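Colleague: The residues making up each chain are set out below.
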Amino acid sequence: MFDGLMQGLATALHPSVLIYSLFGVFLGTFVGVLPGIGAMATISLLLPLTYYISPEAALVMLAGVYYGSQYGGAVASILLRLPGTPQSAVTSLDGYPMARDGRAGLALFTSMISSFTGSMLGILVLVVLAGWLADLATKFGAADYAAMMILGLVAAATVGSDSPAKSLAMVVLGLLLGCIGTDVNTGTQRLTFGWAELMDGINLVALAMGLFGVSEVIANIRKADRHGPPGKVKFRQMLPTGAQMRQIIPPALRGTAVGSFFGALPGTGSTISSFLSYALERRIARQPERFGHGAIEGVAAPEAANNSASITAFVPTLTLGIPGDPIMALMLGALIIHGIQPGPMMLEARPEMFWGLVVSFGIGNLFLLILNLPLIGIWVSMLRIPFRWLYPAILIFVCLGVYSVRGSTFDLVMVAGIGAVGYLLALARFNPALLLLGFVLGPLIEVNLRRAMLIARGDPMVFLERPIAAVFIIAAAGLLAMSLWQAIGRRQSRP
Amino acid sequence: MQRDYYDLLGGGALAALGLGVAAYSGAHYDFGTLRQMGPGFFPVGLGLLLAGLGLIVAVPAWRRQTEARPFDLPEAAAALGAILVFALTMNRLGLILGTALAVLIATLPAARPGALWRLVLAGVVTVLVWLVFKVALAMTIPLWPWSA
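The listed protein sequences derive, respectively, from chains F and X. The first sequence begins at -2 in the working numbering and counts up one residue at a time. The second sequence begins at 10 in the working numbering and counts up one residue at a time.
Honestly, the hints are just simulated from the structure, not real lab data. Any given hint might turn out to be false.
[As the list claims (entries may be wrong)] Distance ranges between label pairs, derived from CB positions:
(1) X:A22 / F:G486: 25 to 33 Å
(2) X:L128 / F:G486: 52 to 60 Å
(3) X:G90 / F:M342: 41 to 49 Å
[Said to hold, decoys possible] Computed footprint of chain X on chain F, listed as stretches where at least three residues anywhere in the stretch have a Cβ under 8 Å from a Cβ of chain X:
(4) 49 to 61
(5) 161 to 169
(6) 177 to 189
(7) 211 to 220
(8) 376 to 389
(9) 417 to 429
[What the hints assert, rightly or not] Computed list of chain F residues with no C-beta within reach of chain X, every gap over 12 Å:
(10) F(-1)
(11) D0
(12) L126
(13) A131
(14) V156
(15) T238
(16) I246
(17) F288
(18) P371
(19) P457
(20) M479
Given the structure is predicted, the values throughout are model-derived calculations rather than measurements. Cβ atoms here follow ideal geometry from the backbone N, Cα and C, with glycine treated the same way.
Just chain F, with the same shape it has in the complex:
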């Protein structure tokens, strides 16, 4: 472990990696602060640019965008009640009332120190769990992998979802889109309708940019500039008293525990963690009625949870090669672009990759804390930039980003079409992030399922006979049964 840490330090402190790491967290905070463009769109935008840099630098930069956006996302949530990122939506429930009471500085400080606590402890969890899981994963067979991914998809669609049927429909649509292209086992062209451009399947970057970049831009052109100017926040107002500090730390630690757990599970990520930790705080509070009116725990816990989850989400991504949430799916895409297949062997075969990432998390979060406290005034003033100055440039960057993947204008037409569909889906409140998760996991599930059935001579009982697979399948069935039961309960309680 000590060797690994040293190796990680050498990788992360290498100037070319360090610069991309700092660039990533800076850009992440920036897009996190701005409502209307999130980490998902930014990472898909940067994905093609990672062709030009080393895989270590690419991963470190994209990860920096992700956790940096968690810091930034809270700023708009607290000051404008406009979540900069979905992960920080719940922070606005109590952060915005705090800002209205003149405690904006304290709310921002709480969110930053909680984010920092969550990230740092999340790194520890990542190191411990990754080592343990990588050992366990060598025992995984095809059936176990397929079962685990199915559990991941079911969990993503049902946990914390208002409408599990709509969420599951998005997952299945994603799985179907993943079928498009050449079938690996037989070479059959599936659902390509004679288009040669679709032989390799739908381009991941085009799909992600259409679903997130383009549809977010459309939804925000009219909406984003309709808020008043944010109030001024000074560094000195941010510093808490000792008593306030004691109010922040316990919920931040509980939030970290919730976030670390749900982040490491495949399927549930930082958005779900932030909602669950908020619910937990309200349940255990002595005066639950304070929530929604500026309870400091309501800022500390979800911010710690979403940051720790964004770190521990790397556990299944790096050790099993199974992305736990859609952003991890993009990270996996970045690694595969560079010819690195994450999985149980990666920790041994590419230790500098894993440990470099771990050390860069530490450096990046420290940098975010040191940078963001004094610079808070600058981030707040970013909220004054009208969206109409930004979105035309975002659109052009999306186009050139997609074009740079393989120099095809067909992909640009795809982006426009997917963007239109993505906007309609968002309008009807279908979650496009689940579509992307299904799309990435689909081919992996299919390969493993077909292999498992071949080995088991067509007997589906293999999923209940292997203990690892059985646990996953039973858990997935349990989640489905629970959401069915809740749906029936809701219908009966209605007059």
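Position chain X against the provided structure of chain F, taking the given hints into account.
Modeller: Frame of chain F, contents of chain X only:
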């Protein structure tokens, strides 16, 4: 308040898509057996699953009320139009003119009237794009119509 057309149409479209994909795949690809799944196994299975889920979403929506949400048609048309125009022009008119044209189209629905800021914005974005993609990343896209 109005009938929940979002779930009704969304679920209905997904159900139709699922059925269509299942029928097409069933007709064109080998389904195989459980032991030796063919290329049709997944598309047919998933298509039927999607059709079922689409119905579960759509049917209860018929009797449910929901609030109308604004549909930003001009904004959608401008953003998608900008992308399509950029796709068609970038290799013919070059990066400079393509970018400027796409930015101008994208700004059409923006709230503030006035041609000047649109032109200034088009100029600024074009310079930015030239610096990032041509100077820094050296992408092989023609700059001008005559360099194509």
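Colleague: It remains to establish, for every hint, whether it holds in the given structure.
Modeller: Tested hints:
For A22 (chain X) and G486 (chain F), the hinted distance range of 25 to 33 Å is satisfied, since their beta carbons lie about 28 Å from each other. At about 59 Å, the beta-carbon gap between L128 (chain X) and G486 (chain F) stays in the expected band of 52 to 60 Å. The supplied range of 41 to 49 Å is met by G90 (chain X) and M342 (chain F), whose beta-carbon atoms lie about 47 Å from each other. Counting residues of the stretch 49 to 61 of chain F whose CB lies closer than 8 Å to any CB of chain X gives 1, so the stated coverage by that chain is violated, three being the minimum.
Counting residues of the stretch 161 to 169 of chain F whose CB lies closer than 8 Å to any CB of chain X gives 5, so the stated coverage by that chain holds, three being the minimum. Given a C-beta distance limit of less than 8 Å, the hint that chain X covers the stretch 177 to 189 of chain F holds, as 6 residues qualify and 3 suffice. Remark: the stretch 211 to 220 of chain F is confirmed as covered by chain X, as 6 of its residues place a Cβ nearer than 8 Å to a Cβ of that chain, reaching the required three. With a cut-off of 8 Å between beta carbons, the stretch 376 to 389 of chain F has 4 residues touching chain X; three or more are needed, and the interface restraint holds.
For a cut-off of 8 Å, the count of residues in the stretch 417 to 429 of chain F with a CB near a CB of chain X stands at 8, and the three-residue condition holds. Here F(-1) (chain F) stays apart from chain X, with its beta-carbon at least about 39 Å from theirs, past the 12 Å limit. Consistency note on D0 (chain F): stated as away from chain X, and its beta-carbon is indeed over 12 Å from all of that chain's, at 37 Å minimum. Every beta carbon of chain X lies more than 12 Å from that of L126 (chain F), the smallest distance being close to 32 Å; the non-interface claim holds.
Listed as outside the interface, A131 (chain F) is consistent with that label: its C-beta sits roughly 29 Å from the nearest C-beta of chain X, beyond the 12 Å cut-off. At the 12 Å boundary, the C-beta of V156 (chain F) stays outside the reach of chain X, the nearest C-beta of that chain being 17 Å off. The non-interface label for T238 (chain F) is consistent with chain X: the shortest C-beta to C-beta separation is roughly 43 Å, beyond 12 Å. Every beta carbon of chain X lies more than 12 Å from that of I246 (chain F), the smallest distance being close to 41 Å; the non-interface claim holds.
Distance check for F288 (chain F) against chain X: the nearest CB is about 25 Å away, which clears 12 Å, and the non-interface claim stands. P371 (chain F), annotated as away from the interface, keeps every beta carbon of chain X farther than 12 Å; the closest lies near 28 Å. Some Cβ of chain X comes within 12 Å of the Cβ of P457 (chain F); the nearest lies about 7 Å off, and the non-interface call is violated. Under the 12 Å C-beta cut-off, the non-interface status given to M479 (chain F) relative to chain X holds; the minimum distance is some 16 Å.
In terms of the numbered hints stated before, the structure departs from hints 4, 19, listed from lowest to highest.
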